[in-house]
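Quick note, in this note's numbering, the sequence shown goes up one by one and the last residue is 1132.
Think of the hints as simulated: they come from the structure by calculation, not from any bench. Be aware that one or more of the hints could be misleading.
DEER-style ranges, computed between Cβ atoms [to be verified]: (1) Leu1105 <-> Leu1062: 12 to 22 Å; (2) Met1112 <-> Ala1059: 30 to 40 Å; (3) Trp1042 <-> Met1075: 23 to 33 Å; (4) Lys1057 <-> Gln1106: 16 to 26 Å; (5) Arg1103 <-> Gly1061: 21 to 31 Å; (6) Val1080 <-> Ala1059: 20 to 30 Å.
Computed from a prediction, not measured in an experiment: that's the story for all the values here. Beta carbons: idealized from backbone N, C-alpha and C, even for Gly.
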Amino acid sequence: MDWPSTAASADAVIIREKTAEGLQFVVYGKHGPQFMCGTYVAAEARALSYAEQASACVWYADARGLQLVGSFMRPPSGSAPPRPSRRSPLRSS
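Please model the complete structure; the sequences and the hints are all you need to start from.
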């Protein structure tokens, strides 16, 4: 697999491939395959768990192109976390 130009080095890419075990969803990192799963749901869950820890994105690649599955980006160091809104609650009439 050629690493997509839009994916960062810490990102994960899910691809459906024919393997010795049959059709599998293979999760790739920049330096090669990381693990295989029998279902897309399992591959997505494992890839998203990794991405959350790595502050990275998860992509799904198929014949149509690259689709963003999820993104876990931390705010830059030293920036304040988002503040809750102070608007008054909605009232029904």
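The hints, checked one at a time:
{"no.": "1", "hint": "Leu1105 <-> Leu1062: 12 to 22 Å", "in the structure": "holds, 20 Å"}
{"no.": "2", "hint": "Met1112 <-> Ala1059: 30 to 40 Å", "in the structure": "holds, 36 Å"}
{"no.": "3", "hint": "Trp1042 <-> Met1075: 23 to 33 Å", "in the structure": "violated, 18 Å"}
{"no.": "4", "hint": "Lys1057 <-> Gln1106: 16 to 26 Å", "in the structure": "holds, 21 Å"}
{"no.": "5", "hint": "Arg1103 <-> Gly1061: 21 to 31 Å", "in the structure": "holds, 23 Å"}
{"no.": "6", "hint": "Val1080 <-> Ala1059: 20 to 30 Å", "in the structure": "holds, 22 Å"}
Comparing the model with each earlier hint shows a violation of hint 3 alone; every other hint is respected.
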